[in-house]
Amino acid sequence: MSEHLIHIVYMAAAACFILALKWLSAVPTAKRGVITGIIGMLLAVGGTLMSPEILHKGVHGYQWIVVALVAGTAIGIPMALMPMTAVPQRTALSHAFGALAAALVGTAEYYLDTGNAFSMTNLTHFKMTAIGIEVLLGFLTFTASLMAFGKLQGLIPTRPIVYKGQNVVNFTLFTVALVSVIWLIVDPSKTFLFPVVMILSLVFGVLLIIPIGGADMPTVISLLNSYAGLSAAAMGFVLDNKLLIIAGALDGSSGFILSIIMCKAMNRSFTNVLFGAFGQVHAAAVAGEQKTARSAGPEEAAALLEAANSVMIVPGYGMAVAQAQHAVRELFNELTKKGVDVKFAIHPVAGRMPGHMNVLLAEADIPYDKLLEMDDANRELGQTDVALIIGANDVTNPAARHNKASPIYGMPILDVDKARTVMVIKRSLNPGFAGIDNELYYLDKTLMLFGDAKAFTMQLVKNLTGSSGMH
Amino acid sequence: MEPDLLSHFYVFMLATFLGLEIIRRVSPLLHTPLMSLTNAISAITVVGSLVIAGEQKTTLSTILGTVAVTASMINIVGGYMITYRMLKMFKKRGPGPK
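In order, the protein sequence lines correspond to chains Z and C.
One point on numbering: in the numbering used here, the residue at position 9 of the first sequence is 9, and numbering is uninterrupted.
One point on numbering: in the numbering used here, the residue at position 22 of the second sequence is 22, and numbering is uninterrupted.
Certain hints may be false.
[Said to hold, decoys possible] With a Cα cut of at most 30 Å, we get these calculated DSS-like pairs of lysine-lysine: (1) C:K57 x Z:K343; (2) Z:K462 x Z:K370; (3) C:K88 x Z:K31; (4) Z:K370 x Z:K264; (5) Z:K190 x Z:K343; (6) Z:K418 x Z:K462; (7) Z:K31 x C:K91; (8) Z:K291 x Z:K445; (9) C:K92 x Z:K418; (10) Z:K22 x C:K92; (11) Z:K337 x C:K88; (12) C:K88 x Z:K370; (13) Z:K343 x Z:K242; (14) C:K92 x Z:K127; (15) Z:K242 x Z:K190; (16) Z:K337 x C:K57; (17) Z:K343 x Z:K31; (18) Z:K190 x C:K57; (19) C:K88 x Z:K343; (20) Z:K343 x C:K91; (21) C:K91 x Z:K57; (22) Z:K337 x Z:K264; (23) Z:K445 x Z:K370; (24) Z:K57 x Z:K31; (25) Z:K418 x Z:K370; (26) Z:K462 x C:K91; (27) Z:K291 x Z:K370; (28) C:K57 x Z:K31; (29) Z:K22 x Z:K343; (30) Z:K404 x Z:K445; (31) C:K91 x Z:K337; (32) Z:K370 x C:K57; (33) Z:K22 x Z:K242; (34) Z:K462 x Z:K338; (35) Z:K242 x C:K57.
By construction, these hints were calculated from the structure, which means they are not laboratory data.
For reference, chain Z alone in the conformation it holds in the complex (with noise of 0.2 Å):
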């Protein structure tokens, strides 16, 4: 295929990235924006395997070819299977992978050029920022997204594990990095500096991690999928690929932005975020006064949610733990056959990742009309009759309003205590991740339901099924 053919198709495909995304953004066009995707995928995907690099090579140069695509088939089919609570650690992997390709072209490129004294002049200082950058945030954010992935599998310990002078360590590592990218640019012919590079990008992207606590990782998850739209764009400068630079840079604020949400969401800032290691500092700083908090059996919560005209639940990242969302489901069912009318409060963070509580429910079949972001919650929860949390604590908590000594003073948080009633499925009164006693617990109009999420929500279905059989 011809230059110029070639550089027409990559057109198009970078015209279908942009529609797949534009179309996304609303559930009746989402799946016809999937579909366009594909399509450009296997134009820019096709329009490179008849690129005359790879066909002057023959039948010979797509032998490789073929066993990576088999193979990366063979891996990708089981990673789309996994279950929809595990959706936040399969992202995390493939950022990993996208991140890891992009690590690996930029450092053949180098190697290629450096190869010889007439490559050489291949690479130019321009070439070699690109390169540098590309191979930088390439395996940092590889990593890191392992790191993440572990976490979120349970692999490794999600507490966030803080040790002194974390930070220096973490800049200083960072700088030395970063100096050896600056000088490989000044001079790309100091080929040893260049492992120096990967490895310390490597182990930054793990220490960058270690001190990340759980209820976090929404942020950082975006943040990497950022960082890995990012390397692709830096590989488009490399490779001097325009479809590669548009879809990179689509890719970067798309996490960027996510990122954003995620931060407002939790009113902190990035740095905060990276390097503050939330949960750990502020666990010892609450103990002292004896409160008491009013618990309720199913029977007597089940007798109250049939009672009540509105309902609004509160899922949260316990929910997704206990695998409540069937439960959940049904107990929406018997409610809206009694009349109550039921609606679900999703915070920006509940979950792992951004829009983790809207897949789960989804997947179980709630209709997605009666999922209602923060702000149209917080609208309805004043005329609510109860509000019902399951698994959601440090979002519910009415002290990030008024109370400036708590850490997460500030939070925009859903208002359930404006509900008439409210209910908290949980198993003990222990505090949520920031180590941060809930006030909500201890309210007059508060009942607390002692238990796993997903058998007392079992029990509450029960408990209504078997009402309705006494009428």
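Go by the hints and put chain C onto chain Z.
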């Protein structure tokens, strides 16, 4: 700076602004599928990987290219499939009685 290089920067800048405008409009309901779709799209790294794997200039570059094609392909297949699977689950009204 070469004019060609400059045009790359223009493309990058415009694509970033376009991306910011488009993504801002995506409903929070769909943030998880958004991330898996952008993940699949960023597997466009396959384009660079394919060339490196196909050119077979050196053993090292062929190995790196082949691994990179595999990694990209995992994200293409996995990313598009799971996004579609997720979107199929979003229904307006559940099957239960209203």
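Taking the hints in turn, this is what the structure says about them:
1. Proximity of K57 of chain C to K343 of chain Z is assessed by CA-CA distance (about 60 Å); at most 30 Å being required, the pair is judged violated.
2. As the CA atoms of K462 of chain Z and K370 of chain Z are separated by approximately 23 Å, the hinted pair is consistent with the 30 Å bound.
3. Of the supplied pair hints, the one linking K88 of chain C and K31 of chain Z holds, its CA atoms being roughly 8 Å apart against a limit of 30 Å.
4. This hinted pair checks out: K370 of chain Z and K264 of chain Z have alpha carbons roughly 24 Å apart, not beyond 30 Å.
5. Between K190 of chain Z and K343 of chain Z, the direct Cα distance comes to roughly 62 Å. Violation of the 30 Å bound is thereby established for this hinted pair.
6. Taken as a hint, the K418 of chain Z and K462 of chain Z pair is honoured in the structure, with Cα atoms around 28 Å apart against an allowance of 30 Å.
7. In summary, the hint linking K31 of chain Z to K91 of chain C is supported, as the alpha carbons are separated by about 12 Å, within the 30 Å threshold.
8. A hinted pair counts as satisfied when its Cα atoms are at most 30 Å apart, and K291 of chain Z with K445 of chain Z qualifies at roughly 14 Å.
9. Between the alpha carbons of K92 of chain C and K418 of chain Z the distance comes to roughly 28 Å, so the proposed pair stays at or under 30 Å and holds.
10. Simply put, K22 of chain Z and K92 of chain C have alpha-carbon atoms about 21 Å apart, close enough for the 30 Å limit, and the pair holds.
11. With a CA separation close to 25 Å, the supplied pair K337 of chain Z and K88 of chain C stays within the 30 Å bound.
12. In summary, the hint linking K88 of chain C to K370 of chain Z is supported, as the alpha carbons are separated by about 17 Å, within the 30 Å threshold.
13. About 45 Å separates the Cα atoms of K343 of chain Z and K242 of chain Z, which puts this hinted pair outside 30 Å; it is violated.
14. Simply put, K92 of chain C and K127 of chain Z have alpha-carbon atoms about 50 Å apart, too far for the 30 Å limit, and the pair is violated.
15. Between K242 of chain Z and K190 of chain Z the CA atoms are separated by roughly 29 Å; this keeps the pair inside 30 Å, and the hint holds.
16. A threshold of 30 Å between alpha carbons decides the hint, and for K337 of chain Z with K57 of chain C the separation of about 67 Å lies outside it, so the pair is violated.
17. This hinted pair checks out: K343 of chain Z and K31 of chain Z have alpha carbons roughly 25 Å apart, not beyond 30 Å.
18. For the given pair, K190 of chain Z sits about 21 Å from K57 of chain C by alpha-carbon distance, which is consistent with the 30 Å threshold.
19. Of the supplied pair hints, the one linking K88 of chain C and K343 of chain Z holds, its CA atoms being roughly 21 Å apart against a limit of 30 Å.
20. This hinted pair checks out: K343 of chain Z and K91 of chain C have alpha carbons roughly 15 Å apart, not beyond 30 Å.
21. Of the supplied pair hints, the one linking K91 of chain C and K57 of chain Z is violated, its CA atoms being roughly 49 Å apart against a limit of 30 Å.
22. Simply put, K337 of chain Z and K264 of chain Z have alpha-carbon atoms about 37 Å apart, too far for the 30 Å limit, and the pair is violated.
23. The hinted pair formed by K445 of chain Z and K370 of chain Z meets the criterion: a straight-line CA distance of about 25 Å does not exceed 30 Å.
24. With a C-alpha separation of about 38 Å, the suggested pairing of K57 of chain Z with K31 of chain Z is violated against the 30 Å cut-off.
25. A hinted pair counts as satisfied when its Cα atoms are at most 30 Å apart, and K418 of chain Z with K370 of chain Z qualifies at roughly 19 Å.
26. At roughly 26 Å between alpha-carbon atoms, K462 of chain Z and K91 of chain C fall within 30 Å of each other, so this suggested pair holds.
27. Under the criterion of a C-alpha separation no larger than 30 Å, the hint pairing K291 of chain Z with K370 of chain Z is inconsistent with the structure, at around 35 Å.
28. Taking the CA atoms of K57 of chain C and K31 of chain Z, the gap is about 40 Å. The hint is violated against a cut of 30 Å.
29. Restraint check: the Cα-Cα separation between K22 of chain Z and K343 of chain Z comes to about 28 Å, which is no more than 30 Å; the hinted pair holds.
30. At roughly 24 Å between alpha-carbon atoms, K404 of chain Z and K445 of chain Z fall within 30 Å of each other, so this suggested pair holds.
31. The straight-line distance between the Cα atoms of K91 of chain C and K337 of chain Z is roughly 19 Å, inside the 30 Å bound, and the hint therefore holds.
32. Proximity of K370 of chain Z to K57 of chain C is assessed by CA-CA distance (about 57 Å); at most 30 Å being required, the pair is judged violated.
33. Using a Cα cut-off of 30 Å, the hinted pair K22 of chain Z and K242 of chain Z holds, with the two alpha carbons roughly 20 Å apart.
34. Taking the CA atoms of K462 of chain Z and K338 of chain Z, the gap is near 14 Å; set against the 30 Å cutoff, the hint holds.
35. Note on K242 of chain Z and K57 of chain C: the hinted pairing holds, with a Cα-Cα distance of about 23 Å set against a maximum of 30 Å.
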